[in-house]
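Colleague: Sequence:
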Amino acid sequence: MFAEVSALLAPLAAAIGYSSYKARQFERTYPNIGELTDVGGYRMNAVHIERPENADLPALVFIHGASGNLLDQVVAFRAALEGRAEMLFVDRPGHGYSERGGPENAIPSGQADAIARLMEKRGIEKAIIVGHSFGGAITAAFGLRHPEKAAGLLFLAPATHPWPGGIDWYYHVATAPIVGWLFNHAIVVPLGLSRLERGTQNVFRPNPRPVDYIEKTGPSLVLRPGAFHNNAADFKRLLAYVKAHSPLYSQITAPTVIITGDSDEVVWEHLHSRGLARDISGSELITVRGVGHKPDYLATDVAIAAMEKISGKPRDLQAAARRAEERLAASREQTPATLSSPAPEALHGA
1 MFAEVSALLA PLAAAIGYSS YKARQFERTY PNIGELTDVG GYRMNAVHIE
51 RPENADLPAL VFIHGASGNL LDQVVAFRAA LEGRAEMLFV DRPGHGYSER
101 GGPENAIPSG QADAIARLME KRGIEKAIIV GHSFGGAITA AFGLRHPEKA
151 AGLLFLAPAT HPWPGGIDWY YHVATAPIVG WLFNHAIVVP LGLSRLERGT
201 QNVFRPNPRP VDYIEKTGPS LVLRPGAFHN NAADFKRLLA YVKAHSPLYS
251 QITAPTVIIT GDSDEVVWEH LHSRGLARDI SGSELITVRG VGHKPDYLAT
301 DVAIAAMEKI SGKPRDLQAA ARRAEERLAA SREQTPATLS SPAPEALHGA
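At position 89 of the sequence shown the residue is numbered 89 (UniProt numbering), and the sequence of numbers has no breaks.
By construction, these hints were calculated from the structure, which means they are not laboratory data.
Among the clues, some could well be false.
With a straight-line Cα cutoff of 30 Å, these simulated DSSO-like cross-link-like pairs (lysine-lysine) come out [said to hold, decoys possible]:
1. K309 to K126
2. K126 to K243
3. K126 to K313
4. K121 to K309
5. K22 to K236
6. K121 to K313
Distance windows between CB atoms, simulated [what the hints assert, rightly or not]:
7. A55 to V173: 27 to 33 Å
8. P52 to V179: 49 to 55 Å
9. E333 to E197: 19 to 25 Å
10. P162 to P206: 23 to 29 Å
The C-beta atom is built at its ideal place from N, Cα and C for all residues, glycine as well.
I would like the entire structure built from these sequences, with the hints used as guidance.
Modeller: Spelled out as structure tokens, the structure:
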């Protein structure tokens, strides 16, 4: 009997040991470039760029999407905005290097509150809140719960409204008692690594993924057991949350711009982005043709023009979108190997 049990447990122990080793390796490859700040019993991680002397934009707070960390938005925006604004790139609670905090941080409202407290700790009174994908639900929650801190809201391919269907099976397994612990500690790393290449390509589809995207943004950090559990818990609660809270979006008063691609197969623009434009009075919807789920990378110039418009500068965002489409059309003649992510000056995201 002992031999039979040992034969069953040995592969499981080996898988757990391998996953633990790889998790440490992920952290060595993508060390924390931010700073941890206590926000009330737990610590939030963020990269804080102090307000430059000649800033021409309000403070900017960036919220990454699901399965991501602050590097995703650092790579997309930091270099392009350096010297123009104070910036705060946030690891959401339980993601990247931020601690999880209490159970309230498993829903967007709790994460919005955590970011508001972090802003206070870092001396940021008011900012344009920029949220990509899952970060869009948190941006909407921020606009509802902390209007006095929102100079404006910029949604990038946001996930904000109810959708038909459910979520992938592994999010249910990852949050199950006992079985979830074993899954997260033994199976997630090899399974996730086998899917990392295709998964990151799908996020950019139909556009080519920058060849250095994985190298610069550390998507493998989400495969660590705790981070994967937190990511799954976020996903499991999102649908019920947006069903309950999307009817409240009409109460949002901050200047709002929504930027989406018309080819987004991850978060459907006809449900989420158009829904936001319908619900938030005075908001502006910008649809960039031929772009999928990553307008933060593929239409960065349009996003920055939106920040400028929110801050009061005259900008024709529809014209900016058309110019982006022309640029992307021209770039399709390049091979994917010639495309790369923007390169911030200080580096070591779906």
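Colleague: Now, for every hint given, state plainly whether the structure supports it.
Modeller: Hint-by-hint comparison with the structure:
The straight-line distance between the Cα atoms of K309 and K126 is roughly 16 Å, inside the 30 Å bound, and the hint therefore holds. With a C-alpha separation of about 28 Å, the suggested pairing of K126 with K243 holds against the 30 Å cut-off. Pair hint K126 plus K313 holds up; C-alpha atoms about 18 Å apart against a cutoff of 30 Å. A hinted pair counts as satisfied when its Cα atoms are at most 30 Å apart, and K121 with K309 qualifies at roughly 27 Å.
For the hint linking K22 to K236, the alpha-carbon distance of about 26 Å falls within 30 Å, and the restraint holds. Of the pairs offered as hints, the one joining K121 and K313 holds, with about 29 Å between alpha carbons and a cut-off of 30 Å not exceeded. Judged by the Cβ atoms, the range 27 to 33 Å given for A55 and V173 is violated: they are separated by roughly 47 Å. The hinted range of 49 to 55 Å is satisfied by P52 and V179, whose Cβ atoms lie roughly 50 Å apart.
A beta carbon spacing of about 24 Å between E333 and E197 agrees with the range 19 to 25 Å that was offered as a hint. About 26 Å separates the C-beta atoms of P162 and P206, a value consistent with the hinted range of 23 to 29 Å.
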